[in-house]
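A.B. asks: Given the structure of chain A, go ahead and fit chain B onto it with the hints provided.
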Amino acid sequence: MKNREAINTLRYNPELCNGCRMCTYVCPHRVFWMNGRKAEIVRYEACMECGACQLNCQPGAIAVESGVGCAAAMMWAALTGKKESCLCS
Amino acid sequence: MKIRQTSSKLTFGNYLNHWLARWGVRRMGYRVDPGLYALGRPTPDSPVFVSANYTLSFDVLRAALDGMDGYILVLDTKGINVWCAASKGTFGTEELVRRIGETELAKAVNHRLLILPQLGASGVSAHEVKKRSGFSVRFGPVRTADLPEFLKEGKATEKMRQVRFGLRERFVLIPVELVHSLPFILAGTGLAFLVGGIFSALATVTSLVAGLVLFPVLLPWLPTRDFSSKGYILGGVAVLPFLFLILANSSGSWWSKTAAALTWILIFPSVTAFLALNFTGSTTFTSRTGVRREIFAYIPVMAGMFGAGIVLTVVLMLIRWLGGKI
Numbered sequence: 001m002k003n004r005e006a007i008n009t010l011r012y013n014p015e016l017c018n019g020c021r022m023c024t025y026v027c028p029h030r031v032f033w034m035n036g037r038k039a040e041i042v043r044y045e046a047c048m049e050c051g052a053c054q055l056n057c058q059p060g061a062i063a064v065e066s067g068v069g070c071a072a073a074m075m076w077a078a079l080t081g082k083k084e085s086c087l088c089s
Numbered sequence: 001m002k003i004r005q006t007s008s009k010l011t012f013g014n015y016l017n018h019w020l021a022r023w024g025v026r027r028m029g030y031r032v033d034p035g036l037y038a039l040g041r042p043t044p045d046s047p048v049f050v051s052a053n054y055t056l057s058f059d060v061l062r063a064a065l066d067g068m069d070g071y072i073l074v075l076d077t078k079g080i081n082v083w084c085a086a087s088k089g090t091f092g093t094e095e096l097v098r099r100i101g102e103t104e105l106a107k108a109v110n111h112r113l114l115i116l117p118q119l120g121a122s123g124v125s126a127h128e129v130k131k132r133s134g135f136s137v138r139f140g141p142v143r144t145a146d147l148p149e150f151l152k153e154g155k156a157t158e159k160m161r162q163v164r165f166g167l168r169e170r171f172v173l174i175p176v177e178l179v180h181s182l183p184f185i186l187a188g189t190g191l192a193f194l195v196g197g198i199f200s201a202l203a204t205v206t207s208l209v210a211g212l213v214l215f216p217v218l219l220p221w222l223p224t225r226d227f228s229s230k231g232y233i234l235g236g237v238a239v240l241p242f243l244f245l246i247l248a249n250s251s252g253s254w255w256s257k258t259a260a261a262l263t264w265i266l267i268f269p270s271v272t273a274f275l276a277l278n279f280t281g282s283t284t285f286t287s288r289t290g291v292r293r294e295i296f297a298y299i300p301v302m303a304g305m306f307g308a309g310i311v312l313t314v315v316l317m318l319i320r321w322l323g324g325k326i
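Just so you know, the sequences run in chain order A and B. The opening position of the first sequence corresponds to residue 1 in this note's numbering, with each subsequent residue numbered one higher. The opening position of the second sequence corresponds to residue 1 in this note's numbering, with each subsequent residue numbered one higher.
In isolation and in its complexed conformation, chain A is listed as follows (with noise of 0.2 Å):
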């Protein structure tokens, strides 16, 4: 896939994956998939950079800058100059 920057900060090692499946099991989007005994990205366009496969790969293989898809959020942190945090609390 050609400039992934542009569309999300996923990336995965599939030489460190260990196979527990872990990353298949907590992505509310699948974008994971067992190829045998490695996970593969499958949906790599629909990752909304949660950072659940990222705190549940036990070797390390993913990686994700994760956050809030929310722009009042990150509007309000740029006016501010406060952390970007979910608002709605």
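No lab work stands behind these hints, which were simulated from the structure alone. A virtual CB, placed ideally from N, CA and C, is assigned to each residue, including glycine. Be aware that one or more of the hints could be misleading.
Quick list of the computed label-pair ranges, beta carbon to beta carbon [to be verified]:
hint, chain 1, residue 1, chain 2, residue 2, range
1, B, GLY89, A, PRO14, 22 to 32 Å
2, B, GLY154, A, GLN58, 20 to 30 Å
3, A, GLN58, B, ALA145, 24 to 34 Å
With the C-beta cut set under 7 Å, the calculated list includes, among others, these residues of chain A facing chain B [to be verified]:
hint, residue
4, THR9
5, ASN13
6, TYR25
7, ASN35
8, ALA72
C.D. replies: Using the frame of chain A, we list chain B on its own:
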């Protein structure tokens, strides 16, 4: 060890509570006391489910477990639902490990297995919890309604693991959006009435309602990918009838009518588009990277068009005020 009793039966009071929550009435008041709850008559072999201390989260879980005995471990998520709390870290590894210790869960049950909602996974690291508490974490389905089948089959289907954002999910968000925006709706409409009269006020209400109500409903059917461009299209269509009204009804020279129509085209679709962009935070699928790209691409356009529309409105008012015949 303190174990509270709960049941699968939701009362009228519970349903009223959910309805009020959807309308944003005392937004932070929907809390359950964190701790360990017995559902029905659990034995030391009964399963343990983990939930948030938001009443809607806790109530859908216990209602889904109707007819079953088990334990519910409620984490202190400050009254926030599982998914949002997971992204904040309050439904997280730290709180779960702490709560297991505080409730002395290991004494209440023989086994060492916790069932967590799948959407809690962005805050809870299963292997960390295992290492620190001895409890294994199993992520159940996204929706509590699928729990009985999950428990029966021993696994979740692909469909159970996928988050949805259907018409119903979008619809329930509308009341709280409306309530939160009410001060802006009233102020904006009042100002528009003072400046431009009844048609301006109506156009303001229409563009706000388009962004707050129609947009969430029509989201998947609006053309283009970006929320902002979808919002511009919807806002443009919404303001069209008013353009015809103003061109047909108002007196004055052709250029003053055209200028007035232009202010509307500049202002109103930008308002709808801005509300549409803000809806990203309510969806279940937008990424931070995608939203950031959209902010950089569209906010300058929205600000530019809106600002130009306001300037043009002020200029037209000044011309009229100075007695210019237009």
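A.B. asks: Please check whether THR9 (chain A) passes as an interface residue: C-beta within 7 Å of a C-beta belonging to chain B.
C.D. replies: 6 Å, holds
A.B. asks: Please verify that hint: ASN35 (chain A), Cβ, nearest Cβ of chain B, below 7 Å or not.
C.D. replies: 15 Å, violated
A.B. asks: Per the hint of 20 to 30 Å, is the separation of the Cβ atoms of GLY154 (chain B) and GLN58 (chain A) within bounds?
C.D. replies: 22 Å, holds
A.B. asks: State, for the Cβ atoms of GLY89 (chain B) and PRO14 (chain A), whether the hinted interval 22 to 32 Å holds or is violated.
C.D. replies: Once the Cβ atoms are compared, 28 Å apart, the range 22 to 32 Å for PRO14 (chain A) and GLY89 (chain B) holds.
A.B. asks: Is the interface hint satisfied for ASN13 (chain A)? The criterion is a beta-carbon contact with chain B at less than 7 Å.
C.D. replies: Constraint on ASN13 (chain A) not satisfied, violated at 18 Å.
A.B. asks: Grab the minimum C-beta distance from ALA72 (chain A) to chain B and call the hint holds if it beats 7 Å, violated otherwise.
C.D. replies: ALA72 (chain A) check passes; min Cβ-Cβ to chain B is 5 Å, inside 7 Å.
A.B. asks: Is the gap between the beta carbons of GLN58 (chain A) and ALA145 (chain B) within 24 to 34 Å?
C.D. replies: 30 Å, holds
A.B. asks: Would you settle whether the hint for TYR25 (chain A) is holds or violated, based on the nearest Cβ-Cβ distance to chain B being less than 7 Å?
C.D. replies: 5 Å, holds
Of the hints listed earlier, those the structure fails to meet are numbers 5 and 7, in rising order.
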